[in-house]
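Q: Sequence:
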Amino acid sequence: MKAYISEYLPWTAPPLLNTSYANYSDFNTRSLAHNRLVYTATTLPMHAAYHYDRTNDVQVLRTTIPYPYPKDIPQSRCLSEMLLGMPGLIYYTEPEMAVVCALASPGNATIADLTANGSCFYDKVATITFGTSCLWLTLGDALHGTNASDVVTLTYTYAATRFEVFLWLKFGYRLLLTLFVLWRMWFCYYRHCFALEAAVRSRGHAFVRRDASAWRYEVVLGDPTALILVDPKVALAFLADIWLSTSNVGVSILRASQNGDLDVLYVNVLYLSRTVWFAYCALCVTAYWLKRSHKEHLFAEVDPTLVAVAVTIYGPIFSWVSGNVAFMTRMYHWLFLLAVPPAVRGQENEMAIGCALYTLVIACLPLIYGFGAPRYRHWLRRDPSVLPRDFTSHHYNNLKNRLMLSCFCQHHVDAAMVARGGRVYKLFEANAAYQASPTISLRGSDVFLLCYHDDVLEEKIRLSLLAVLDEMADSSAVSVVEAPTPSGYIANELVLPTKVTFPTPLGSVTAALSRHCEIRRPVVPSVWCM
1 MKAYISEYLP
11 WTAPPLLNTS
21 YANYSDFNTR
31 SLAHNRLVYT
41 ATTLPMHAAY
51 HYDRTNDVQV
61 LRTTIPYPYP
71 KDIPQSRCLS
81 EMLLGMPGLI
91 YYTEPEMAVV
101 CALASPGNAT
111 IADLTANGSC
121 FYDKVATITF
131 GTSCLWLTLG
141 DALHGTNASD
151 VVTLTYTYAA
161 TRFEVFLWLK
171 FGYRLLLTLF
181 VLWRMWFCYY
191 RHCFALEAAV
201 RSRGHAFVRR
211 DASAWRYEVV
221 LGDPTALILV
231 DPKVALAFLA
241 DIWLSTSNVG
251 VSILRASQNG
261 DLDVLYVNVL
271 YLSRTVWFAY
281 CALCVTAYWL
291 KRSHKEHLFA
301 EVDPTLVAVA
311 VTIYGPIFSW
321 VSGNVAFMTR
331 MYHWLFLLAV
341 PPAVRGQENE
351 MAIGCALYTL
361 VIACLPLIYG
371 FGAPRYRHWL
381 RRDPSVLPRD
391 FTSHHYNNLK
401 NRLMLSCFCQ
411 HHVDAAMVAR
421 GGRVYKLFEA
431 NAAYQASPTI
441 SLRGSDVFLL
451 CYHDDVLEEK
461 IRLSLLAVLD
471 EMADSSAVSV
481 VEAPTPSGYI
491 ANELVLPTKV
501 TFPTPLGSVT
511 AALSRHCEIR
521 RPVVPSVWCM
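Going by this note's numbering, the sequence shown opens with residue 1, and the numbers climb by one from there.
Any given hint could turn out to be false.
Claimed, not checked - Simulated crosslink set (SDA-like; lysine to any residue; CA at most 20 Å straight-line): (1) K426 - A467; (2) K400 - I313; (3) K295 - S479; (4) K71 - Y52; (5) K233 - E81; (6) K170 - T246; (7) K291 - A436; (8) K233 - V267; (9) K2 - V267; (10) K71 - E81; (11) K233 - M185; (12) K426 - V481; (13) K2 - T246; (14) K295 - R375; (15) K170 - L244; (16) K291 - F371; (17) K2 - A13; (18) K2 - V234; (19) K400 - T312; (20) K2 - L265; (21) K170 - Y8; (22) K426 - I519; (23) K233 - L176; (24) K170 - S6; (25) K233 - W243; (26) K2 - L176; (27) K426 - P374; (28) K291 - C364; (29) K2 - F371; (30) K2 - R174; (31) K2 - L244; (32) K233 - W186.
Claimed, not checked - Here are the in silico distance ranges between beta carbons for each label pair: (33) F194 - L9: 57 to 65 Å; (34) Y288 - L403: 29 to 37 Å; (35) V325 - A98: 18 to 26 Å; (36) P232 - L262: 31 to 39 Å.
Everything labelled a hint here was simulated from the structure, so no lab data went into it. Virtual Cβ for every residue (Gly too), placed ideally from N, Cα, C.
Hey, can you work out the whole structure from these sequences and the hints?
A: Quick look at the structure:
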């Protein structure tokens, strides 16, 4: 529902646009005349390079261009030497580029001829018209309200198509999706947390305790977000939601070309951060491939918080680069024309292929890290100065959880305190095949059980959901087997293969006494694991 920070709610939608045109020429003439009449120096705010007409849901962007232009520029070099940074540049068709480039190579045309020109076009995705754009020139500095004869103002407008029924359907879809996510959070995480709390209240942390009445407990919950992100159904649902909002993503990319209004910039960055679902969906698909092909060791799991931060920064920057770097702009122009029939080129853009590229670029960001990091980590483990990680500590966690636990869960730690748990991560480090999710880190969902005896913290137990562990019952080589003895705690206990080092004529050799990892089940079944 975060999308409605930028989008309008269906009951606040602007009036429907006029779409009854005889042909493209009729559309171009009437749309251009209407926009020229409505958006002028007197109707738009002074000094505003960007303005949002909330009444009609129209984006208006303006810039000034010196005239005569300082140098003559041929059409072939106009994009790289003149147009970069112009409002809405990546959406320009050939007629729009010709209108602006004529300022740098006017020939025998007068300024009146140049400013009389303008052009409008359709923006389509999969042949569906999602909006219309118009561009025109006016003599003078309309941004500052002067009639200077040595300046021309370029005005670019974008009006999204109104689909009244579709807006209500999308709102209902988002509402159902929000409820589904909340249900998944309860079903996959919070109900287990309540069950754990009830178990601790009734039985304590262990079945054998000295002076049972002197114990008290604190349960520090984790963050279930990662458990939701690894669900392919959720990722695909959010991906579909973004693609259904292609017009709004296009508006955000359009806004990225202006940076004078900090409020607009903030809303724009916030909206484009939704494209993080491109990355999460790619991670879900990659996880499926890694598990199916037994290649989990090739990928280093990523912190979902860092992925969100990276996309929030990277998305707007990539959008800005698209309209300010000649190679990127030319590529988008080519992609937007690729599926347009020759007979209507210059009259419309078909943006489906360009949108697919944008999706892939965002999606590949965490994959580049995930496939590249294992090589660095392999080298790091060979460095003797690198200390082994403490898997029981809250510092071995996702960034958001690490910061939250460090700030709000400070406890006096006695030297005699015993830290337990976190064995699943030691197992994952030894063999990545045990990871149920080899691409997204699930450490943030862990719960810390703090056990106080006479108000002294004596034990800290890190508990992970069994769902993070792939017990691989169908793989005899690395399956998790049932231990003959029960767990002494209220949670499952992992018993890792014992290793022994013995001398040989060629040096010391370390070998495992058992190939299997064992799991000790508690007397009362639990979904938590130490």
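Q: Hint by hint, note whether the structure agrees.
A: Now the hints, each set against the structure:
The hinted pair formed by K426 and A467 meets the criterion: a straight-line CA distance of about 16 Å does not exceed 20 Å. Under the criterion of a C-alpha separation no larger than 20 Å, the hint pairing K400 with I313 is consistent with the structure, at around 17 Å. Using a Cα cut-off of 20 Å, the hinted pair K295 and S479 holds, with the two alpha carbons roughly 16 Å apart. Pair hint K71 plus Y52 does not hold up; C-alpha atoms about 33 Å apart against a cutoff of 20 Å.
Distance hint between K233 and E81 is unfulfilled; the C-alpha atoms sit about 46 Å from each other, more than 20 Å. Between K170 and T246 the CA atoms are separated by roughly 13 Å; this keeps the pair inside 20 Å, and the hint holds. For the hint pairing K291 with A436, the CA-to-CA distance comes to about 8 Å; that is within 20 Å, so the pair holds. Restraint check: the Cα-Cα separation between K233 and V267 comes to about 28 Å, which exceeds 20 Å; the hinted pair is violated.
Taking the CA atoms of K2 and V267, the gap is near 11 Å; set against the 20 Å cutoff, the hint holds. Taken as a hint, the K71 and E81 pair is honoured in the structure, with Cα atoms around 10 Å apart against an allowance of 20 Å. Of the pairs offered as hints, the one joining K233 and M185 holds, with about 14 Å between alpha carbons and a cut-off of 20 Å not exceeded. Restraint check for K426 and V481: satisfied, since their Cα atoms lie roughly 17 Å apart, inside the 20 Å limit.
Proximity of K2 to T246 is assessed by CA-CA distance (about 15 Å); at most 20 Å being required, the pair is judged to hold. This hinted pair checks out: K295 and R375 have alpha carbons roughly 14 Å apart, not beyond 20 Å. For the proposed pair K170 and L244, the alpha carbon gap of about 8 Å is at most 20 Å, so the pair holds. Distance restraint check for K291 and F371: the Cα-Cα separation of roughly 15 Å lies within the 20 Å cut-off, and the hinted pair is therefore satisfied.
Restraint check: the Cα-Cα separation between K2 and A13 comes to about 17 Å, which is no more than 20 Å; the hinted pair holds. Of the pairs offered as hints, the one joining K2 and V234 holds, with about 16 Å between alpha carbons and a cut-off of 20 Å not exceeded. With a CA separation close to 15 Å, the supplied pair K400 and T312 stays within the 20 Å bound. As the CA atoms of K2 and L265 are separated by approximately 16 Å, the hinted pair is consistent with the 20 Å bound.
A distance of roughly 12 Å separates the Cα atoms of K170 and Y8; the hinted pair therefore holds under the 20 Å criterion. At roughly 14 Å between alpha-carbon atoms, K426 and I519 fall within 20 Å of each other, so this suggested pair holds. A distance of roughly 13 Å separates the Cα atoms of K233 and L176; the hinted pair therefore holds under the 20 Å criterion. Restraint check: the Cα-Cα separation between K170 and S6 comes to about 15 Å, which is no more than 20 Å; the hinted pair holds.
Between K233 and W243, the direct Cα distance comes to roughly 15 Å. Compliance with the 20 Å bound is thereby established for this hinted pair. Proximity of K2 to L176 is assessed by CA-CA distance (about 14 Å); at most 20 Å being required, the pair is judged to hold. The straight-line distance between the Cα atoms of K426 and P374 is roughly 16 Å, inside the 20 Å bound, and the hint therefore holds. The straight-line distance between the Cα atoms of K291 and C364 is roughly 19 Å, inside the 20 Å bound, and the hint therefore holds.
For a cut-off of 20 Å, the pair hint linking K2 to F371 is broken: about 31 Å separates their Cα positions. Distance hint between K2 and R174 is fulfilled; the C-alpha atoms sit about 10 Å from each other, no more than 20 Å. In summary, the hint linking K2 to L244 is supported, as the alpha carbons are separated by about 15 Å, within the 20 Å threshold. At most 20 Å may separate the alpha-carbon atoms for a hinted pair to count; K233 and W186 meet this at roughly 16 Å.
A beta carbon spacing of about 34 Å between F194 and L9 contradicts the range 57 to 65 Å that was offered as a hint. The supplied range of 29 to 37 Å is met by Y288 and L403, whose beta-carbon atoms lie about 31 Å from each other. Look at V325 against A98: about 22 Å separates their beta carbons, and that is inside 18 to 26 Å. Judged by the Cβ atoms, the range 31 to 39 Å given for P232 and L262 holds: they are separated by roughly 37 Å.
In this structure, the earlier hints numbered 4, 5, 8, 29, 33 are contradicted, and the remaining ones agree with it.
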